[in-house]
Structure formats: structure tokens, C-alpha cells
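Protein chains in written order, with the numbering used here: chain Y, 1 to 218; chain E, 1 to 237.
Please keep in mind that the hints were generated in silico from the structure rather than gathered at the bench. Remember, predicted model here, so these are calculated numbers, not experimental data. No residue lacks a Cβ here, since even glycine has one placed at the ideal position from N, Cα and C. Not one of these hints is a red herring.
Non-contacting residues of chain E with respect to chain Y, defined by C-beta distances greater than 10 Å in every case (computed):
# : residue
1 : T28
2 : N69
3 : N117
4 : L125
5 : I164
Pulled from the structure, derived: some chain Y residues nowhere near chain E, Cβ distances all over 10 Å:
# : residue
6 : S27
7 : A173
8 : S201
9 : I206
Computed footprint of chain E on chain Y, listed as stretches where at least three residues anywhere in the stretch have a Cβ under 8 Å from a Cβ of chain E:
#  : region
10 : 98-104
11 : 113-121
12 : 161-170
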Amino acid sequence: MSFIELRDITFRYEGEESPVLSGFSMSAERGSCLIIEGDNGSGKTTLLRILSALSFPEKGSFVFDGCDITEKYMKVNMNSKLFHKRVGYLFQDPDIMLFNARVRDEIAFGPRQMGLGDEEVDKRVRDCMELFDIEKLSDKAPYHLSGGQKKRVAFASVMALNPEVLLLDEPYAGLDRKSREQLTAFLTELKRAGKTLLIASHDSEILSGIYDERLVMM
Amino acid sequence: MLPEWMKESDRYVPPKDGGTFAVKTIKTIGDIMSRVKVQRGHEKKHCLPAELKLMILLVLLVLTSVTQNGLVLMGIAAVVLFYLSTWPARDLWGIIKTSLSAMALSFVILLPAMIMNPAGIPNNLVLMTKVFFCVSMVGIFNHTSQWNHVTGALAFFHIPGIFIFTLDMTLKYMVLLGNLIRDLLTSMTLRAVGRHDRKYASVGGVMGVTFIRGTEMNTRMYEAMKCRGFTGDYGKL
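Model the full assembly from the supplied sequences, consistent with the hints where possible.
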């Protein structure tokens, strides 16, 4: 059985007649990188929402590391916390991910939740800020940043939780050339470190050296 | 270069309790939003024009409020209850629940009067029944009409443009900012993997961001209106 597996998924938004996904199946192995491509409205974000257990399909099953992820399973507090610790999700719009007063509080939010000591939290925050080149923004308010800077802060705040799986929705959107190159190098290192990457992106060329499989959604 | 802790998996066991605050809040906001949002599915089954529905509603509200005749009230009650009985159980309960709450509130308000003047109890009961049916009728209208059709119907009745514009904008912003709060809380849930000791600080953050985004959207919309020739005169709308 694969690390992540979707079998015959059908998903329909409330009030809509036609499903966004119908009889959809996919799988990803641990440590692999999968690129999800498709036109606007083809269901890329919906797929990522299902994989992050924010939405649940009306038919079919979602298996993560041998565990059947259902609405009932996720209603158990411990299960949902552990799942979200293991699966990080970077939204397409970074604005909806930033709700703290300062950048460093934003990044520290996850590690503090995990109950890590102050020293460990500080270390993770410093490391993440260095990785994403946002040390100078440490004391700034996230909502005052530019689009690209917000994206980097949002990504850093996801990485501070050290998830095993990363679901990235258009991670290159809004980034300048230098940031795009840095992000590609970072994703290459993450893959080398054994993280599982599922990336919805229109930029498969820039990721050509990283991905193992390309999924085109119709 | 990745730090060492990022190359290894954490051995993390989440606490059993706590962390449900954001989930509960998201559910509450979702319930509120579903009342304001467009109800395409239901409206198709009740396809009378909003203007007609609004006119019938106003006539029935006035009639229910002013009637002294028990038969008229019972007639209105029969029509409303018969119509509601054709609805799916979930929607039906949504209307009845709100109407019962309004009736209970009117009972609390009228209770001192009923205690002080027991002879007036029948009249007070009629008043409570009227409250129940008036709220039911407004609920039915709300449930079967899209908000943009309602504001369109108000224009049909020559309600001033500034009133309709303000109502329209208020509803639009309620949906937009409600969605923003829901999304912020959802992203918070994804990272709230332990015990949330500083939940009030996070709520403050969410409210602050919502306020800032609301102000920004307001400024942008005003600028966009100016670019399209808006001179501050709502009368031309």
C-alpha cells in the first residue's frame, strides 16, 4: 500500500450539481515528489483540501500511512492534531495564513503548540527565518509585507512544524526570480531529506529536476 | 542547507484535550454564513419573483399584526404551516427553531404583564402566536430568496438607492469578511497541533487582520468606483 492513496474519489461542493472530482484515484510514495497540474477550476485546490483532511469526499477513500482518513476519524481531537502535525499545507493565498502580530510569533505559533521549550522554539524560528531569508522581517507585522514576503513567512511557519508531507498550492505564485530559484533549491533539499511533496503548480518546468511523477487534472 | 531537526522526523504525541476552540468557532461562522450566502438549490423550488414574494410578505405581516379576528389568524397559520410541511425536515426545523426562539423571547417580555393582569393572558397568547407566525414568514422569505434578488425587489418598490447600496455592500462584506475569518481559523487549525494556551491572543490577531483587510477592501472599492466616474452622488445608482 502506498504512503498516500486516494481511491475512486467523488467530491461535490454543496449546492453544486456536477462533482469537481469524479472517480479520481492517485497515490504517492513516502519521500516522493508529485506535481499536480491542470487548468483553473480543474480541482487542484480541492484535491489538496482533501489530502489535508479539510474536505471529505462523498464517495471513495483516502488512506494516509495505512490509516483511513474519514470525517469521523478526524473528529477525534488527537487524530486530527497528529495528522496536521504530519501534513503541512501551504495555501495559495498567504494572507489567510497570517494572523499573528509579528513575523517571529507567526513562525513560533506551531512549535509553541507542540509544547517545545523556549530554546527549541527560538532555534526553529531562527532556522526558518534564515532558510527563507526573512531575518530582517522578524519584528514586522505580517500584514504590512509584500505578497512575496508574505508567501515566504507563511511557508516558514508551516516548516517550523517539521511536517513529513508538504502540500503546496502554487508555491511560486507572487515570487520574484531570485525567490523562485531559492525555493526550487529548498524543495530539492526537502526531497533529499525524505519529505513527501505534493505540489499544485503551473510551473512544472522549474521543478523538472525534482518531481517523480506529474499528474494532469482535466 | 536544511537544519538538522528538519531532516529528522519529530516524535510528537499530541495532548488529548484542548485545541477545539478554532474548530467550534469555524462551525459557528459556517452556520451564520450559510444563512447569508446564496441559496440556489432552494430558490429553484420556490421560483416566484422576489418582488411578488416581498409584496405578499409585507401584506401578510401587516394583516397578521393588525387582525383582531381569530379566524383570520388561524387561516394565516394554516397556510404557513401547510406550506412549511412540504419542506425538507432540516430546513423546516431551521425556520421553526428561530420562530420558537422569538416566541420564547416575547413570552419573557410579556410575563410581567400576564402576572399582573391574568385577565389579559388570552390576548398575550395571541400576541405570542402573531410573533411566531411573523418570524416564520420572514424566515421563509429569507430562506427562499437570494439576497441580490431581495435588493432588486427593494428597487422595484422605489426604496432610495443609497439604502439599497448600503444594504447590498453590507451583505457583500459580511460574506467576504466572514469567509476571511473562516479561512484564517482554518489555517490556524492546521497549525494548532497541541494545547492552545494563548487562544485569546490568536482571536485578537484574527479580528485585527479582518479589520485591516476590511479597511483595505473598502479603500480599494472606493478608488475603483472613483476610476469609473463615481462623484459621491448615490442618487444616480
